[in-house]
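Enquirer: Read off the chains here:
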Amino acid sequence: MSAFLAAGPDVDAPTVALSLNLLWIVIGAALVIFMQAGFAMVETGFCRSKHAAHVVSTNFMIFGLGFVAFFFVGYSFMFGGFSLPGVFGMDAPTGSALIKFGDWVFLWKDSPGLSGIGGQASTASVMAFFLYMVAFMDTTATIPTGAMAERWKWSSFVMWGLFCGGLYYPLFGAWTWGGGWLSQLGNNAGLGFGYVDFAGSGVVHAVGGAAALAGAIVLGPRIGKFDKDGTPRALLGHSIPMAMFGTFILLFGWFGFNAASTFAATDIQFATVAANTAIAAAFGSVAALFWVHTRTGKPDPSMMVNGMLAGLVAITAPCAFVQPWAAAVIGILAGLIVIEVVWFVERRLKLDDPVGAIAVHGVCGIFGVLAVGIFADGGYGGGWNATSSSATDGKGITGILYDFGSLGWGQLASQAIGALVICTVIFGFAFGFFKLQDKLTKGGIRPTAEDEIAGLDLVEMGVPAYSND
Amino acid sequence: MSAFLAAGPDVDAPTVALSLNLLWIVIGAALVIFMQAGFAMVETGFCRSKHAAHVVSTNFMIFGLGFVAFFFVGYSFMFGGFSLPGVFGMDAPTGSALIKFGDWVFLWKDSPGLSGIGGQASTASVMAFFLYMVAFMDTTATIPTGAMAERWKWSSFVMWGLFCGGLYYPLFGAWTWGGGWLSQLGNNAGLGFGYVDFAGSGVVHAVGGAAALAGAIVLGPRIGKFDKDGTPRALLGHSIPMAMFGTFILLFGWFGFNAASTFAATDIQFATVAANTAIAAAFGSVAALFWVHTRTGKPDPSMMVNGMLAGLVAITAPCAFVQPWAAAVIGILAGLIVIEVVWFVERRLKLDDPVGAIAVHGVCGIFGVLAVGIFADGGYGGGWNATSSSATDGKGITGILYDFGSLGWGQLASQAIGALVICTVIFGFAFGFFKLQDKLTKGGIRPTAEDEIAGLDLVEMGVPAYSND
Amino acid sequence: MSAFLAAGPDVDAPTVALSLNLLWIVIGAALVIFMQAGFAMVETGFCRSKHAAHVVSTNFMIFGLGFVAFFFVGYSFMFGGFSLPGVFGMDAPTGSALIKFGDWVFLWKDSPGLSGIGGQASTASVMAFFLYMVAFMDTTATIPTGAMAERWKWSSFVMWGLFCGGLYYPLFGAWTWGGGWLSQLGNNAGLGFGYVDFAGSGVVHAVGGAAALAGAIVLGPRIGKFDKDGTPRALLGHSIPMAMFGTFILLFGWFGFNAASTFAATDIQFATVAANTAIAAAFGSVAALFWVHTRTGKPDPSMMVNGMLAGLVAITAPCAFVQPWAAAVIGILAGLIVIEVVWFVERRLKLDDPVGAIAVHGVCGIFGVLAVGIFADGGYGGGWNATSSSATDGKGITGILYDFGSLGWGQLASQAIGALVICTVIFGFAFGFFKLQDKLTKGGIRPTAEDEIAGLDLVEMGVPAYSND
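Protein chains in written order, with our numbering: chain A, 18 to 486; chain B, 18 to 486; chain C, 18 to 486.
Don't read these hints as lab results, they were simulated from the structure. We put the CB at the ideal spot given by N, CA and C, even for glycine. Take these hints with a grain of salt, some might be off.
[Unchecked claim] Derived DSS-like pairs: lysine-lysine, alpha-carbon spacing no greater than 27 Å straight-line:
hint, chain 1, residue 1, chain 2, residue 2
1, C, Lys242, A, Lys452
2, C, Lys315, C, Lys452
3, C, Lys242, A, Lys459
4, B, Lys245, B, Lys367
5, B, Lys315, C, Lys459
6, B, Lys459, B, Lys315
7, C, Lys456, C, Lys242
8, A, Lys456, C, Lys315
9, C, Lys242, C, Lys452
10, C, Lys315, C, Lys242
11, C, Lys315, B, Lys315
12, A, Lys452, A, Lys315
13, A, Lys315, B, Lys452
14, A, Lys315, B, Lys367
15, B, Lys315, C, Lys456
16, A, Lys242, A, Lys367
17, C, Lys456, C, Lys315
18, A, Lys315, B, Lys459
[What the hints assert, rightly or not] Some residues of chain B that are not near chain A, with every Cβ distance over 10 Å (derived):
hint, residue
19, Asp29
20, Ser142
21, Leu184
22, Lys459
[Said to hold, decoys possible] Facing chain B, according to a computed beta carbon distance under 10 Å, are these residues of chain C, among others:
hint, residue
23, Pro26
24, Leu35
25, Ile417
26, Ile470
27, Asp474
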């Protein structure tokens, strides 16, 4: 045990940089995967104890179900047929066809499907990239489990997990991060850099929120949620502490979600991203606290939670492009929006969303997408888009507050187009899925009233969440 | 998808090193922020269920409330007018005036207030530094929420959060980490390197503990805590598991708290810091277990928790300067101290501290500050202080066990001065705040006896922590 | 505050690489230590509330108890007398004797016992290595606390913690990772590279599982677990959500457990390891879900948990050596194995294992060890073994699916030898310990039936886990 290492390995700086960048992606992926625990705690805490084993089990299994479908189908669908501009410094794709489903899983060497890939470095990069991407998909997949909680058949949930990982999430993903048409809007004059979404206010959260909305509509409200005259009743969650601990886990994981989306630690913009993320979370929670206190006279804990999450969701798209003051403003606005939308969904739309997923992920996700076109200051991003670059006088992503001309308005237009696609095509995709599933399933995708009143734990899972033997 | 990256970006070693160092700070900040979940679980678990929504909500909102005040006021106050020796290799300050409050938030480029800062690297460094610092502030801010739990008005708590982030924490912070007079004591002969506190046994924990003590005095004990003859009664916490899970989260986050306080991964002392931190935590918990078992005949779970936390708090100041055996000794002593002090506070001082924050953070924080002057072995630190360096024969921070002469005793004196300031000026600042607030608030800062007996959840928060609908 | 750093420190690439590698080990260690929280939640959640303070306290204190014993004895025992091939690029050992127990803790400088070590870099490397290693030991130590839960005296548990950290874990550790005879089997022709266990399916998990089996036998089943005719009864855990949250913490921490076992971020195989780890976890949980649903008609939540953990345990040894498809297959097989073995242990062996530790860690750990000899594809590993290298035509670790000749079968033989040693020698070591302890302890290591029926919390810990004062 005499001579422990006193000097580092004999490698050059680019090699160290590659290692560092891959490490950041892997750590980021681990943080995002840990967010599954956060979602599980928030959603379970906000639900009632008689359904708690069911709710927590959906949040638990979504990881594996979505993962398996993304592994075999979704990943290839999302990234197989499009260019991956800038990410990992990859070349343009050699062919325009989709790679064959599942081919990538045999990538070691002598892989017939991916023979162009050679060496350990390539393999490691693909593996890191897959891991980070599958974690993002699972975030989307877990969002509807909250809005649809307490009245959703387990069998239907299982199908959702496979559908989301294989097709639902990857569709909008392919159009944006996969290099598809939305990302290429910027090739048209007057549309800025095309649809830009740094870490997924739209790609992940609004897409998940759209499914949450679709599912909540198809299922209808929980028994007892609305009085005969349509007045909503509070169905209290069974553990406020559980929900708040989960929110802190989400805040923690969000640093991986947003800051590792630089895909490189050598792009030190990640530090700015991390700080902006925290700023929006803090201001979101404070704004929601003061707003709900003003409006109701009480500092409702569930709105503190939703305020922080709203700030986090909204900053996710613009986090790399805005100044700290703008992160604060985005957080504040999200904190106000989320409260009003939670009430609007419940009181006006008469929809039942036990955890507020539609407001938090759906509406604040859309707000985050649009915020890029408003607050982006032109200091970062867009280097991958040669066409736009020349047309933009060297500026990066720029919103209307920093360019009230065609660059800013064009960017906002691209963002609005993306938002519109989510609200129509993607929402329709989810709605169609749940509606079709409801038709094809014997008895529909909702448990019987008897089972719902008894609690889904014993009927569906076979065990109670809590036992006091 | 043919050619994934097989070689790293073309950068030089210093650029990679900068990226690596910033990454360590950002990961460290995320870990420290995650500690908020740990504090929330420990404090909520040790409190009673009828106050649990209130307690967890104070722990939840403190993050945002302290953050917002630090963002606008505290950060500038703490770092604006002083030199930042060594940190980030920054130059000496150009002026002695405070930077204008809030100026730093517009730091991208063309920032009028900070025009000397240029380029993305500077921006990223400032952002990372701010994020790490705001996380530390929030640790201080959350400490009194434990000692003051179950009998504190929400409105008073909100003011505390803003006060702590804006003024209370930054004052001692400015005098130490901000480059103020305590850090410059070493310019005087015979005071070692001045007040040294690697990661904040004093700056964070004892300062928080001082506020906890002040708050507990002003509020008085919970109804039922003491019999008529002054004998303390155990008011059992509602969840031992919750408190223990939270403690593990704190242990986990503490690696970011202490080890990332090198502000650089290229300063590989961080590895020694991390190991010392774990050593003190382990020995602290074991010492407390054996001590409480010996003294009471039972292995009290709450004392295991306090023993580990005591070890962590005490090693926080000396973690970079001591050998592994010293980390073990510091942990053991802290584990013994915390038990005796918990009992002393309760039985002699007749103070009610539901979670033991005064003993854990206050007294063990002070012990950690003094431990630097005792156990530091001269092998690290002090390079920033040119004056001292020449006077210290090239040694780093040195305690009396390694230099029984003027260097060691001088260091211990500086540490004692810092400790004294916390016990007097800083304690007085907190005491004055709570006392004044108590006078100015209608009905004082303590809820009515009726509300306290009913539980603060329904009265103050409007919802119960737990519901079994 | 004018000139924040705009360029990195002036260091060369090997220095940055050293920093990066140490950082990865420290972050990895923190993640593994955080797994203690995961184990605590899973085991406590699966137990009954009247024993919950006892169960969570064993999971809490095992960290410190094992740590202290490993610090003084186990670390030196495991690594003192053997070569550490490849790890940290260390030289061969200068002597064959064990280093004196505890010497390493005085390693700063002028250390008599370790005078060969010089300089800060060596110190930091030793500290990082110790920290990572102690975290692994504690994982082993906490495994029996699950299988022996609800019927184990606290005093006996304390002895186990010290025994495991000092002797039990380090024995097999010395024979494998410490460079002992099992790791050197490859010097014999026809035994591949000797026993290979990348991150410890055997060294950590099966060794822990062997102790779990031994302890469960010595203690016997809980009162009420089996009817008079030997039919097992379900003793429901008191919190399914707690167990599932804990499992996500374990998944999160496992990225440190497996991926940081490269001991270097410059060995970018860590990215492949991380992805394989997630793949096995996902497929394990999905396979278990479908299998238990098929076999029982219900999607048992506890089997989802065990399925994910089974996949994680099984991939731990082969994670660096297999392709993604193989990781999926290993996960699926583990998910099926764990269910059948849980039932076999309960129904055939009539053993009571409240959390399934024997099946998850013991049997799936053995499966993982063998999986190296089956699925390893020859693309990585083995560079440390010069003898083998020449005999293996430049291939790395290779299983029978990639070499059906002597290389593959030899590797599988080495793996089988290691597995056999665990099932015999190591199991016997644990069984002898518990048996001896049972003899020497007044009244044995099991509490009285009266205490067990009342719940161990009040009798042994002096407090209830949950209180509703």
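Enquirer: Are the hints correct? Go through all of them and say.
Expert: Cross-check of the supplied hints:
1. Between lysine 242 of chain C and lysine 452 of chain A, the direct Cα distance comes to roughly 46 Å. Violation of the 27 Å bound is thereby established for this hinted pair.
2. For the hint pairing lysine 315 of chain C with lysine 452 of chain C, the CA-to-CA distance comes to about 39 Å; that exceeds 27 Å, so the pair is violated.
3. About 38 Å separates the Cα atoms of lysine 242 of chain C and lysine 459 of chain A, which puts this hinted pair outside 27 Å; it is violated.
4. Our distance criterion of 27 Å between C-alpha atoms is met by lysine 245 of chain B and lysine 367 of chain B, whose separation comes to about 12 Å.
5. A C-alpha spacing of about 18 Å is found between lysine 315 of chain B and lysine 459 of chain C, which places the hinted pair at or below 27 Å, so the restraint holds.
6. For the given pair, lysine 459 of chain B sits about 45 Å from lysine 315 of chain B by alpha-carbon distance, which is inconsistent with the 27 Å threshold.
7. Distance hint between lysine 456 of chain C and lysine 242 of chain C is fulfilled; the C-alpha atoms sit about 24 Å from each other, no more than 27 Å.
8. Restraint check for lysine 456 of chain A and lysine 315 of chain C: satisfied, since their Cα atoms lie roughly 23 Å apart, inside the 27 Å limit.
9. Distance check on the hinted pair: lysine 242 of chain C and lysine 452 of chain C sit about 22 Å apart at the alpha-carbon level, within 27 Å; holds.
10. Distance restraint check for lysine 315 of chain C and lysine 242 of chain C: the Cα-Cα separation of roughly 21 Å lies within the 27 Å cut-off, and the hinted pair is therefore satisfied.
11. With a C-alpha separation of about 42 Å, the suggested pairing of lysine 315 of chain C with lysine 315 of chain B is violated against the 27 Å cut-off.
12. Pair hint lysine 452 of chain A plus lysine 315 of chain A does not hold up; C-alpha atoms about 39 Å apart against a cutoff of 27 Å.
13. The straight-line distance between the Cα atoms of lysine 315 of chain A and lysine 452 of chain B is roughly 25 Å, inside the 27 Å bound, and the hint therefore holds.
14. In summary, the hint linking lysine 315 of chain A to lysine 367 of chain B is not supported, as the alpha carbons are separated by about 33 Å, beyond the 27 Å threshold.
15. Taken as a hint, the lysine 315 of chain B and lysine 456 of chain C pair is honoured in the structure, with Cα atoms around 23 Å apart against an allowance of 27 Å.
16. Taken as a hint, the lysine 242 of chain A and lysine 367 of chain A pair is honoured in the structure, with Cα atoms around 9 Å apart against an allowance of 27 Å.
17. For the given pair, lysine 456 of chain C sits about 43 Å from lysine 315 of chain C by alpha-carbon distance, which is inconsistent with the 27 Å threshold.
18. Between the alpha carbons of lysine 315 of chain A and lysine 459 of chain B the distance comes to roughly 18 Å, so the proposed pair stays at or under 27 Å and holds.
19. Listed as outside the interface, aspartate 29 of chain B is inconsistent with that label: its C-beta sits roughly 5 Å from the nearest C-beta of chain A, within the 10 Å cut-off.
20. Against the 10 Å criterion, serine 142 of chain B falls within the reach of chain A, whose nearest CB is about 7 Å from its own CB.
21. Non-interface status of leucine 184 of chain B relative to chain A is upheld: no Cβ of that chain comes within 10 Å, the nearest being about 17 Å off.
22. Residue placement check: lysine 459 of chain B keeps its beta carbon more than 10 Å from all beta carbons of chain A (closest about 16 Å).
23. At its closest, the beta carbon of proline 26 of chain C sits 5 Å from a beta carbon of chain B; the interface hint therefore holds under the 10 Å criterion.
24. With a least beta-carbon distance of about 7 Å to chain B, the hint placing leucine 35 of chain C at the interface is held under the 10 Å criterion.
25. Violation of the interface hint for isoleucine 417 of chain C is found here, the shortest Cβ-Cβ separation to chain B being roughly 30 Å, above the 10 Å cut-off.
26. Given the 10 Å rule on beta carbons, the hint for isoleucine 470 of chain C is violated: about 20 Å separates it from the nearest Cβ of chain B.
27. The beta carbon of aspartate 474 of chain C is positioned within 10 Å of a beta carbon in chain B (closest approach about 8 Å), and the interface hint is therefore held.
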